[in-house]
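Protein chains: 2
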Amino acid sequence: MSVDRLFAEVAKKGPICVGLDPHMDHMPEEVRGLSIEETIFTFNKKIIDATKDLVAVYKPQAAYYEAYGLEGVRAYQRTLEHLRKEGALIINDVKRGDISSTAGMYAKAYFEGDMEGDLMTLNPYMGMDSIEPYMEYVEKHDKGLFVIVKTSNPGSRDIECLEVDGEPLYIHVGRALEKLHGNTIGKSGYRNIGFVIGATNTVEGEGAFIRKAFPDTFFLVPGYGAQGGKGADALTLLQDGNGGVVNSSRGIIRAFEKSSKPFDEAARDAVLSMKEDLRVGL
Amino acid sequence: MSVDRLFAEVAKKGPICVGLDPHMDHMPEEVRGLSIEETIFTFNKKIIDATKDLVAVYKPQAAYYEAYGLEGVRAYQRTLEHLRKEGALIINDVKRGDISSTAGMYAKAYFEGDMEGDLMTLNPYMGMDSIEPYMEYVEKHDKGLFVIVKTSNPGSRDIECLEVDGEPLYIHVGRALEKLHGNTIGKSGYRNIGFVIGATNTVEGEGAFIRKAFPDTFFLVPGYGAQGGKGADALTLLQDGNGGVVNSSRGIIRAFEKSSKPFDEAARDAVLSMKEDLRVGL
Chain F
1 MSVDRLFAEV AKKGPICVGL DPHMDHMPEE VRGLSIEETI FTFNKKIIDA TKDLVAVYKP
61 QAAYYEAYGL EGVRAYQRTL EHLRKEGALI INDVKRGDIS STAGMYAKAY FEGDMEGDLM
121 TLNPYMGMDS IEPYMEYVEK HDKGLFVIVK TSNPGSRDIE CLEVDGEPLY IHVGRALEKL
181 HGNTIGKSGY RNIGFVIGAT NTVEGEGAFI RKAFPDTFFL VPGYGAQGGK GADALTLLQD
241 GNGGVVNSSR GIIRAFEKSS KPFDEAARDA VLSMKEDLRV GL
Chain H
1 MSVDRLFAEV AKKGPICVGL DPHMDHMPEE VRGLSIEETI FTFNKKIIDA TKDLVAVYKP
61 QAAYYEAYGL EGVRAYQRTL EHLRKEGALI INDVKRGDIS STAGMYAKAY FEGDMEGDLM
121 TLNPYMGMDS IEPYMEYVEK HDKGLFVIVK TSNPGSRDIE CLEVDGEPLY IHVGRALEKL
181 HGNTIGKSGY RNIGFVIGAT NTVEGEGAFI RKAFPDTFFL VPGYGAQGGK GADALTLLQD
241 GNGGVVNSSR GIIRAFEKSS KPFDEAARDA VLSMKEDLRV GL
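Just so you know, the protein sequences line up as chains F and H, in that order. Numbering-wise, the numbering used here puts 84 at position 84 of the first sequence, and it's gapless, one number per residue. Numbering-wise, the numbering used here puts 46 at position 46 of the second sequence, and it's gapless, one number per residue.
No lab work stands behind these hints, which were simulated from the structure alone. Beta carbons: idealized from backbone N, C-alpha and C, even for Gly. There could be a bad hint or two in this list.
[Said to hold, decoys possible] Covered stretches of chain H (in silico footprint by chain F; criterion: 3 or more residues with CB under 8 Å from a CB of chain F, positions within the stretch not fixed):
{"id": "1", "segment": "93-103"}
{"id": "2", "segment": "106-117"}
{"id": "3", "segment": "123-133"}
{"id": "4", "segment": "148-158"}
[Stated by the list, open to error] Not the full set, but computed from the structure, chain H residues with beta-carbon under 7 Å of chain F:
{"id": "5", "residue": "SER35"}
{"id": "6", "residue": "GLU37"}
{"id": "7", "residue": "ALA63"}
{"id": "8", "residue": "ALA67"}
{"id": "9", "residue": "GLY69"}
{"id": "10", "residue": "LEU70"}
{"id": "11", "residue": "VAL73"}
{"id": "12", "residue": "LEU180"}
{"id": "13", "residue": "GLY182"}
{"id": "14", "residue": "ASN183"}
{"id": "15", "residue": "ILE185"}
{"id": "16", "residue": "PHE209"}
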């Protein structure tokens, strides 16, 4: 099960997820002057090579590749190929959500072929039959899911936090996902459908409330760093330093903007600082 | 405004949206034996050329291209290029939804460059700050949005239909979108943020209820035909034959499976039958 593999990586290296969100307007000098495809791929490859012994999983965000058209998508494919070659775990952060026949095609897109990763993110708005088609890959092909449940942006209060039967909507969404998954819990003690739970709180104590509500669910935690989430907030969502991974994108891949070192070394330093902030033994 | 352009196309040609969802397992003999890229592009091009005088807008569904990796994405780009060359309107059916910085990149991806279309579909689960970044393209670059509100799949009851303050969640979502948009209504009388509203009803009379709740919103109506939605259900969501487009994918692009004619002629016949079913003057 992919969540078991992720759990093992976290146990070895700590709960760091590096978001590979390359932006052509924020590239270091060392990779300027190349084609878009070469710029993005070279940038990602150097970041990966400089951090892979410290990082549990990499999370390329599809938007940052799709925005650059065919060149961007080729850079995405080459980044995934490099990650697979290095044996690194991959979360394809695509947040897809669609009816079942279409969902089957998205599963094929991100669990097979050019864009194959180990886990992918999904959006649950359309309901459980938009999640179910991915389960075959989870159950038979060692893949895993992170479904967005409570996100890190201020707009999360607009829909995710609406009150349904006296509880926030996101609690209902989480329970429906638990039900979909049944009782198959991996060796790690965690389920194969993980949740995306933001490091930022909409109300005081929300992180602890969510962690308690879903004790055997693995969390992907965005919102740390540039989005305002603190190490202490993120830690509330872990359990004994595992049970989740904390993502940082800009804080790591753009660390060179505040450093005199080459961008890949600056990224490595930023991962080390993040580990310290999360109080994980190095 | 894109919705005004769509309204004008519907006034001229009727409310038909053709879903371009090519599947390599369901290709006609005429295009077999080519590469994946050539198969998909040739198939789409012939369907477009055979139907363009009858169709208001084409809706390629990104999953059916992404599933075939880089070749599929190249076929997607070439399909969009052909549609733009023919002056046909395009809905990029990508249902993206993410935090604002990422949303800005998705807007760039589908409103500019290789994958440029006229409108795109979005998922509102993460809240209004995940929709807002697209508004610049809507207001300044003549682009338009269709946000999923109440979909056509059985799972729509899982989240979209949950009761919030005595009303279905999708009504709250629709109202939040109206508020985001403000009072800028186009010459057509419709707003530039359209909604995706399925042709199938979760409860009796739902279509009429939704149409009445959002009288100045343009609807993209999936679920007709292969998904079980009837012409009468779809018509409930229109107003005087406009104010929405009804999508059919399999019913048109796979019409050749039930016909002795070449696949493009079968597609044209299927569009004509659909117009009759929707009682639109030819």
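Hints, verified against the model:
{"no.": "1", "hint": "93-103", "in the structure": "holds (count 8)"}
{"no.": "2", "hint": "106-117", "in the structure": "holds (count 7)"}
{"no.": "3", "hint": "123-133", "in the structure": "holds (count 8)"}
{"no.": "4", "hint": "148-158", "in the structure": "holds (count 9)"}
{"no.": "5", "hint": "SER35", "in the structure": "violated, 14 Å"}
{"no.": "6", "hint": "GLU37", "in the structure": "violated, 12 Å"}
{"no.": "7", "hint": "ALA63", "in the structure": "holds, 4 Å"}
{"no.": "8", "hint": "ALA67", "in the structure": "holds, 4 Å"}
{"no.": "9", "hint": "GLY69", "in the structure": "holds, 3 Å"}
{"no.": "10", "hint": "LEU70", "in the structure": "holds, 5 Å"}
{"no.": "11", "hint": "VAL73", "in the structure": "holds, 5 Å"}
{"no.": "12", "hint": "LEU180", "in the structure": "violated, 10 Å"}
{"no.": "13", "hint": "GLY182", "in the structure": "violated, 16 Å"}
{"no.": "14", "hint": "ASN183", "in the structure": "violated, 20 Å"}
{"no.": "15", "hint": "ILE185", "in the structure": "violated, 23 Å"}
{"no.": "16", "hint": "PHE209", "in the structure": "violated, 19 Å"}
Going through the hint list in order, the structure does not satisfy hints 5, 6, 12, 13, 14, 15, 16.
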